[in-house]
Amino acid sequence: MSSSDAKSINNDFTQKDILSLSQFDRTSLETLFDKTTSIKGEKDLRKLLQILEGRVVTLLFYEPSSRTRGSFDAAVQRLGGRTLIINVEASSVAKGETLEDTIKTFENYSDAIVIRHSELGAAAKAAKVSNIPIFNAGDGIGEHPTQALLDMFTIFEKKKSLSGLVGLVAGDLKHGRTVHSLLKGLSLFENNVIYLLSPDQLRLDPELKSQLEEKGLKLFEIESVTDIPKDTDFWYWTRVQKERFSSEVEYKKVNNKFVVNNELLSLYAGPKTIIMHPLPRVGEIATEVDKDPRAVYLTDQMKNGMYVRMALLSLILSPV
Amino acid sequence: MSSSDAKSINNDFTQKDILSLSQFDRTSLETLFDKTTSIKGEKDLRKLLQILEGRVVTLLFYEPSSRTRGSFDAAVQRLGGRTLIINVEASSVAKGETLEDTIKTFENYSDAIVIRHSELGAAAKAAKVSNIPIFNAGDGIGEHPTQALLDMFTIFEKKKSLSGLVGLVAGDLKHGRTVHSLLKGLSLFENNVIYLLSPDQLRLDPELKSQLEEKGLKLFEIESVTDIPKDTDFWYWTRVQKERFSSEVEYKKVNNKFVVNNELLSLYAGPKTIIMHPLPRVGEIATEVDKDPRAVYLTDQMKNGMYVRMALLSLILSPV
Amino acid sequence: MSSSDAKSINNDFTQKDILSLSQFDRTSLETLFDKTTSIKGEKDLRKLLQILEGRVVTLLFYEPSSRTRGSFDAAVQRLGGRTLIINVEASSVAKGETLEDTIKTFENYSDAIVIRHSELGAAAKAAKVSNIPIFNAGDGIGEHPTQALLDMFTIFEKKKSLSGLVGLVAGDLKHGRTVHSLLKGLSLFENNVIYLLSPDQLRLDPELKSQLEEKGLKLFEIESVTDIPKDTDFWYWTRVQKERFSSEVEYKKVNNKFVVNNELLSLYAGPKTIIMHPLPRVGEIATEVDKDPRAVYLTDQMKNGMYVRMALLSLILSPV
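Protein chains in written order, with my numbering: chain A, 56 to 375; chain B, 56 to 375; chain C, 56 to 375.
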């Protein structure tokens with residue numbers, strides 16, 4: 056089962072797996088984002104604690120990821136649920152047991168399993184044998200659907216729409232899993248225009264580009280920051296990894312052209328352009344930008360990761 | 056204090072340590088299994104949450120064991136308690152502090168300690184200095200009493216009795232801690248007949264065999280799967296570890312004779328023979344067997360690990 | 056920002072960081088210790104669970120410390136809060152992300168962050184960027200304020216006062232972070248007399264000694280256990296680390312002179328002298344002393360670590 060076989064949500068989240076962004080249509084996204092807004096706005100923290108009271112969620116991490124794990128852990132616990140944290144690299148299940156047997160084990164103890172794995176398709180493999188919902192928290196070069204959902208929710212929250220947007224995505228557009236997901240998500244809506252800025256070696260794959268354009272997304276490759284149109288709705292910046300380059304010199308030459316700082320913002324961003332980044336960053340955004348009210352990467356974007364996951368958990372495990 | 060000095064339960068679980076299966080007589084087992092059945096049958100999850108509300112249990116693991124730790128963690132949390140998870144190999148208490156000092160430390164923060172250790176007698180050593188209940192979650196070649204209890208409960212649940220049974224235990228009967236415990240447990244009841252199937256090098260220790268027979272257990276060694284009597288109540292299969300053999304060739308030759316698959320089931324198992332295994336497995340049971348309704352190793356047997364631990368925690372920490 | 060810039064508590068704990076003992080004056084200590092006494096005396100565990108209900112505290116540990124982490128973990132959970140445990144050495148945030156970005160991340164998921172770090176000033180650095188309270192759980196050679204507070208509370212609890220005391224501190228007075236904090240704390244009160252006993256190489260720094268004396272603390276260096284005055288209120292013993300000596304021989308020669316055993320107690324301690332140690336110990340206190348009613352290092356002193364932290368969390372996050 057590849058993640059593209061994942062069952063469509065079709066606006067009924069009850070007991071579904073979350074494996075891929077492709078499970079979501081517009082209506083399902085709207086339902087999810089309404090729920091997210093309502094949970095984020097809830098002032099009475101104790102009310103939320105009833106939603107997963109008595110439920111247990113296993114966080115099964117085959118590779119470390121303190122950000123994603125912490126966010127899921129907080130999400131479950133803020134809904135009153137409990138977590139079992141299983142770090143596999145440090146545990147005996149690493150020794151020879153199949154992924155399927157490990158999933159069946161924790162299925163017996165819990166009401167859902169969040170899985171992070173380095174191998175493409177691991178989450179779908181887990182879902183195939185599991186009788187409880189599986190949440191894909193990243194499967195190698197595969198998908199990381201909750202990251203995509205938090206990015207989309209952040210844009211929706213700030214722009215009140217996911218249609219008619221003009222945005223910039225920058226950095227490594229070839230390998231960047233989060234960028235691919237975001238573009239796929241935006242292609243579900245109308246009249247979106249995205250400018251693509253990347254080093255030559257790291258351009259968006261032409262095939263993926265065509266697919267997205269067929270769905271109606273307007274994509275324009277630009278060559279330099281000087282081509283960024285004023286007044287975009289958002290900038291989505293990503294990391295350019297050293298490993299992608301033949302030499303340190305080559306890497307530095309390229310990377311220095313892709314740094315967001317106050318000067319770049321004053322020249323090319325509009326007063327309402329929100330600045331996003333999936334984090335961690337390694338210099339692509341200067342820390343001087345952190346206090347700019349348009350910067351959301353350290354605040355709402357990350358906080359929304361927790362709220363989107365709370366909304367998903369709530370819709371899937373505790374439908375009203 | 057060796058684990059055989061452990062205080063007999065004598066049908067009063069309050070604040071007792073659980074170090075060894077030898078603490079249990081028939082009445083205590085019946086009380087425990089009644090409690091387990093009642094907890095497993097409780098539909099209102101929130102009711103269970105009151106049992107350990109406000110209590111803290113430390114899970115002190117000197118060796119990794121995600122299955123046992125996860126099961127205890129889920130057990131405590133499903134009863135409304137909280138866990139402190141201390142993985143010693145990754146922590147400073149590894150550096151020079153005695154087991155006793157570590158136990159005294161966590162005694163101050165918690166209401167019970169679950170300990171897993173590679174050394175025989177470690178749990179009893181802990182119990183000697185501790186003012187709060189100690190649960191032995193495996194001490195090397197020593198005991199792992201909650202594993203034995205979950206195995207016995209699983210048979211009891213499926214067969215409605217622990218007397219008058221005919222069973223098969225197979226695999227490494229020389230080193231297998233779980234098999235020894237199961238046989239001891241069954242020797243407390245009447246008219247049980249057990250067939251023993253193992254490679255020559257891994258037979259049940261003759262001395263242990265005599266002890267069990269003195270208690271009234273009927274034991275028959277058989278030479279091959281073809282000797283398995285039809286219509287046994289259960290098969291309890293265990294892992295044959297490569298390390299026990301002088302060569303890979305020797306290991307494979309033996310191991311291939313000890314694999315449960317659909318063919319073997321159709322030839323030698325009865326319609327009500329339940330198939331058990333303590334897990335993890337490394338090929339002793341083909342995955343094609345997993346969906347057979349008689350196979351309980353991935354389902355009830357494992358789930359019962361959580362429920363038996365919930366029942367113990369409840370009887371020991373929260374007697375009514 | 057160094058920890059000495061930490062905002063004075065000034066008897067208002069609401070949403071304050073706890074970075075240094077220097078934030079506390081007498082009144083603040085009295086408020087804290089009253090709260091600690093009341094929490095320690097609360098018989099209804101469920102009442103405590105309401106204090107942090109719905110709150111999440113991140114335990115961000117850049118170096119392992121099962122004792123301190125366990126104590127904070129228990130403190131949060133006994134107040135009904137939830138914890139996110141992030142062991143950084145085992146996690147991806149270790150890879151290149153700045154401390155500040157990591158703090159901003161967990162700020163989004165939680166209501167407070169407890170941080171342990173090997174670098175001096177790390178907690179203050181965290182507090183500088185954080186919008187939620189930061190608890191310093193030890194920053195290298197810097198401070199470990201909650202350890203100091205639990206030591207002072209233990210003396211207060213047993214002696215009903217922090218003035219007019221006669222005490223002995225022994226061991227490594229040069230490097231011992233806990234000793235320095237305790238002496239600073241006692242210097243806030245009147246008429247305290249402290250005897251200092253250490254190997255020559257590990258005497259209290261003369262400059263720190265002068266500062267403490269200026270504040271009114273009376274300090275007397277003694278040369279040998281035979282100089283310990285009878286009827287002191289407390290002995291505070293610390294570890295002498297092998298690494299401080301040029302050779303194993305040199306270390307053993309010195310260390311053997313600094314061991315508390317029953318004989319030493321009978322010769323030099325009074326009937327009401329309490330015996331303290333911050334733990335872990337590596338032989339400075341013989342285990343025969345553990346059962347002496349005057350020994351509090353394995354019992355009240357450690358338990359008070361949890362209660363002082365509960366009191367702090369309560370005053371800071373849940374003021375009434």
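Quick caveat, the hints were computed from the structure, so don't treat them as lab data. Since we're looking at a predicted model, the values are computed, not measured. Among the hints, a few may not be true.
Copies of the same chain look alike in the list, so a pair counts if it works inside one copy or between any two.
[To be verified] Here are the simulated BS3-like cross-link-like pairs (lysine-lysine), alpha carbons at most 25 Å apart as the crow flies: (1) Lys229 - Lys98; (2) Lys346 - Lys102; (3) Lys62 - Lys358; (4) Lys98 - Lys307; (5) Lys183 - Lys346; (6) Lys215 - Lys327; (7) Lys346 - Lys159; (8) Lys159 - Lys95; (9) Lys327 - Lys159; (10) Lys98 - Lys62; (11) Lys159 - Lys213; (12) Lys273 - Lys215; (13) Lys285 - Lys62; (14) Lys213 - Lys95.
So, going through the hints one by one against the coordinates:
1. Lys229 - Lys98: neither (41 Å within a copy, 50 Å between copies)
2. Lys346 - Lys102: For Lys346 and Lys102, the Cα distance exceeds 25 Å both inside one copy (32 Å) and across copies (41 Å).
3. Lys62 - Lys358: neither (28 Å within a copy, 27 Å between copies)
4. Lys98 - Lys307: Close neither inside one copy (46 Å) nor across copies (61 Å); limit 25 Å.
5. Lys183 - Lys346: between (45 Å within a copy, 13 Å between copies)
6. Lys215 - Lys327: within (13 Å within a copy, 61 Å between copies)
7. Lys346 - Lys159: Intra 46 Å, inter 12 Å, cutoff 25 Å: inter-copy only.
8. Lys159 - Lys95: Between copies only: 18 Å across chains, 33 Å inside a chain, cut-off 25 Å.
9. Lys327 - Lys159: Between copies, since 23 Å is at most 25 Å while 48 Å is not.
10. Lys98 - Lys62: neither (34 Å within a copy, 29 Å between copies)
11. Lys159 - Lys213: between (41 Å within a copy, 20 Å between copies)
12. Lys273 - Lys215: Intra 20 Å, inter 67 Å, cutoff 25 Å: intra-copy only.
13. Lys285 - Lys62: neither (40 Å within a copy, 43 Å between copies)
14. Lys213 - Lys95: Within one copy only: 14 Å inside a chain, 47 Å across chains, cut-off 25 Å.
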